[in-house]
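Protein sequence lines, in the order shown, are assigned to chains A and B. According to my numbering, the first sequence is numbered sequentially starting from 1. According to my numbering, the second sequence is numbered sequentially starting from 1.
It cannot be assumed that every hint is accurate.
On the chain B side, residues computed to face chain A include the following (Cβ under 7 Å) [what the hints assert, rightly or not]:
(1) Lys158
(2) Gly170
(3) Leu199
(4) Leu220
(5) Ala230
Derived from the structure by calculation, the hints contain no laboratory data. Each residue gets a CB set at the ideal place from its N, CA and C atoms; glycine is no exception.
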Amino acid sequence: MKTLLVAEYREGALLNATYELVAFAEKLGAESAMFLVGSDTALPKYDGTLYLADVAQAGEFNPAVHKQLLLDVIAKEQPELIVFSHSSYGWDLAPRVALALNAAQISEVVDVAGNTFVVPACNAKLRRDLQSKTAQTVVTLQGGAFGLSAEPSGTPKVEKIETATASPLEFGGYEAVEKGGVDLTKAEIIVSAGRGIGKAENLEMISQLAEALGGEYGASRPVVDAEWAEHNRQIGTTGQTVSPKLYVACGISGAIQHLAGMKKSEFIIAINTDKDAPIGEVADVLAVADLKELVPALTERIQKL
Amino acid sequence: MESKFKVNTEGKWYDNVDLAWRMNEYDEFAVEQAVQVKDQVGEADVTVLSIGIDKVKETMKKALAMGCDRGVHVNDDASYAKDPFEIASIIAAFARDKGFDLIFTGMQSQDRGSAQVGVLVAEMLGLPSVSTIVDFAFDNGQITAKRELEGGLRAIIKTQAPALLTCQLGLNTPRYPTLPNIMKAKKKELLTLEVATLLQDGARQETVKMYVPEKKGGGLVLEGDVGAIADQLVQILKEKTGVLA
Ligand SMILES: Cc1cc2nc3c(=O)[nH]c(=O)nc-3n(C[C@H](O)[C@H](O)[C@H](O)COP(=O)(O)OP(=O)(O)OC[C@H]3O[C@@H](n4cnc5c(N)ncnc54)[C@H](O)[C@@H]3O)c2cc1C
Chain A
1 MKTLLVAEYR EGALLNATYE LVAFAEKLGA ESAMFLVGSD TALPKYDGTL YLADVAQAGE
61 FNPAVHKQLL LDVIAKEQPE LIVFSHSSYG WDLAPRVALA LNAAQISEVV DVAGNTFVVP
121 ACNAKLRRDL QSKTAQTVVT LQGGAFGLSA EPSGTPKVEK IETATASPLE FGGYEAVEKG
181 GVDLTKAEII VSAGRGIGKA ENLEMISQLA EALGGEYGAS RPVVDAEWAE HNRQIGTTGQ
241 TVSPKLYVAC GISGAIQHLA GMKKSEFIIA INTDKDAPIG EVADVLAVAD LKELVPALTE
301 RIQKL
Chain B
1 MESKFKVNTE GKWYDNVDLA WRMNEYDEFA VEQAVQVKDQ VGEADVTVLS IGIDKVKETM
61 KKALAMGCDR GVHVNDDASY AKDPFEIASI IAAFARDKGF DLIFTGMQSQ DRGSAQVGVL
121 VAEMLGLPSV STIVDFAFDN GQITAKRELE GGLRAIIKTQ APALLTCQLG LNTPRYPTLP
181 NIMKAKKKEL LTLEVATLLQ DGARQETVKM YVPEKKGGGL VLEGDVGAIA DQLVQILKEK
241 TGVLA
């Protein structure tokens with residue numbers, strides 16, 4: 001089996017998720033080649049052919065151009081599998097390539113066995129085994145699902161590629177969400193509020209528990225989107241990645257994008273009314289209770305110590 | 001998502017019974033954005049489309065009450081079994097000759113989460129598309145959108161209508177339909193089309209099975225009286241973490 005791995009590059013650096021693609025090919029025991037719009041000053045540690053387009057010409061985000069570059073390489077390499085990360089880059093580009101190839105796309109793969117791909121459904125409460133019905137298949141891999149057995153090593157054989165495709169999109173640069181205020185990456189204790197708090201006023205009891213424990217409060221995305229908390233409190237792929245000594249998740253279901261930001265915490269306590277919430281998978285302790293009762297009760301006991 | 005999902009007897013999708021139905025979370029932001037553009041430009045006509053069983057009409061009524069002008073229900077008892085390519089084909093077939101200036105979709109569904117359909121529709125129609133937007137501005141056909149990347153970064157993208165945008169959580173604040181608008185929505189047009197009239201192609205992937213994943217996390221589960229749980233947690237904090245020292 002032959003695979004083409006679509007590496008990622010942003011703001012002058014190769015993204016580490018690239019090595020998860022290599023790990024995936026390794027797990028399949030498949031041959032691979034790699035595609036990258038990047039720079040020869042930031043090459044992946046990889047033994048194999050690297051088709052490299054210069055980011056100065058092709059742009060970091062330019063789907064029409066990246067698609068054409070990829071299609072040219074695919075025509076040459078004839079891979080059976082085209083492998084992306086399930087990232088903002090991958091889920092944008094993959095369907096464009098899949099349609100052009102008349103290929104199936106299987107998204108957010110967490111495991112593979114032969115020609116069967118495992119993907120999550122319904123916030124990881126269920127899983128599906130999927131099979132492609134087309135000769136070529138495009139897949140995107142869930143972040144963190146595949147890991148290399150050893151440190152990446154090697155030197156790629158670079159083949160430069162280019163295209164003269166026009167783009168209907170104009171990239172106007174990046175913008176960082178405002179930083180400042182609290183830095184959760186430095187906090188040793190974090191108590192986080194999820195949508196389960198129900199309303200803005202209930203954030204108070206979360207911050208009180210955080211204070212009683214001598215820590216900071218954090219939040220899941222819906223709490224930030226609803227403007228109950230500032231963005232600098234958000235934990236997850238599109239917020240902060242933290243690894244405190246203690247993480248208390250209150251009313252947080254445990255979506256993969258949240259877990260990615262906190263699963264490396266040393267000790268995790270989850271408070272949730274749903275015994276089957278996926279947060280239970282990473283929690284050391286799952287307290288099945290209404291946070292509106294348990295959080296104040298816990299705060300009171302800690303304050304009395 | 002806190003519903004209890006059960007796999008259906010066929011073993012390929014979940015059972016609909018006992019589930020509370022609501023609009024896909026990501027789609028709420030799409031509906032709101034379309035209505036906001038209408039509010040902004042004045043003369044605009046917003047169509048909301050949904051594929052599925054008769055029950056999806058309830059969801060569309062919410063969209064109509066939020067301010068969409070008409071609903072199109074693509075009647076399909078087996079939409080759950082369709083793959084992203086088929087779903088996108090249906091939407092593209094409907095949209096092809098309608099001359100929409102803007103198409104908004106959710107960036108993904110909450111159940112499948114493939115994040116493919118919006119981008120596929122745009123590619124099928126030959127339209128530019130920007131996925132995962134968290135900000136949108138429209139000025140005389142000129143679109144400025146911000147796409148969300150990982151770690152709090154956004155990319156600013158400009159393009160020209162006609163275009164398709166896939167909407168990420170937090171793009172806007174979806175409005176609650178008011179009672180007068182709910183009443184008005186009842187009089188709005190709600191067209192039903194049969195899926196067979198729109199779908200020509202077949203699926204490109206198939207579900208072998210759906211199942212509840214094996215539980216791996218062997219963490220301690222505390223249940224019962226809240227006071228007793230609080231006592232146990234204090235004990236655990238003392239013994240297992242250094243934080244109460
Ligand atoms: C590209 C992308 C990026 C994302 N980035 C992030 C990110 O950075 N961070 C992030 O958090 N999310 C992110 N998300 C969103 C993520 O997918 C989930 O939607 C989100 O994490 C859910 O937040 P939640 O757990 O608070 O809410 P829900 O999933 O709605 O869960 C609420 C939980 O509260 C429980 N509950 C309800 N009432 C109570 C009560 N009274 N007491 C106790 N428990 C209760 C429920 O059982 C449920 O488990 C992202 C999504 C996408 C697509």
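message = The hint names Gly170 of chain B as touching chain A; please verify it with the least Cβ-Cβ distance against 7 Å.
response = holds, 4 Å
Status of the hint placing Leu220 of chain B at chain A (closest C-beta pair under 7 Å) = Holds: closest Cβ of chain A sits about 5 Å from Leu220 of chain B, inside 7 Å.
task = Against chain A, run the beta carbon of Leu199 of chain B and see if the smallest gap drops under 7 Å.
result = Violated: closest Cβ of chain A sits about 16 Å from Leu199 of chain B, beyond 7 Å.
query = Taking the closest Cβ pair, is Lys158 of chain B under 7 Å from chain A?
reply = holds, 4 Å
task = Would you settle whether the hint for Ala230 of chain B is holds or violated, based on the nearest Cβ-Cβ distance to chain A being less than 7 Å?
result = The hint holds - Ala230 of chain B has a Cβ within 7 Å of chain A, the shortest such distance being about 4 Å.
When each numbered hint is compared with the structure, a violation occurs for hint 3 only.
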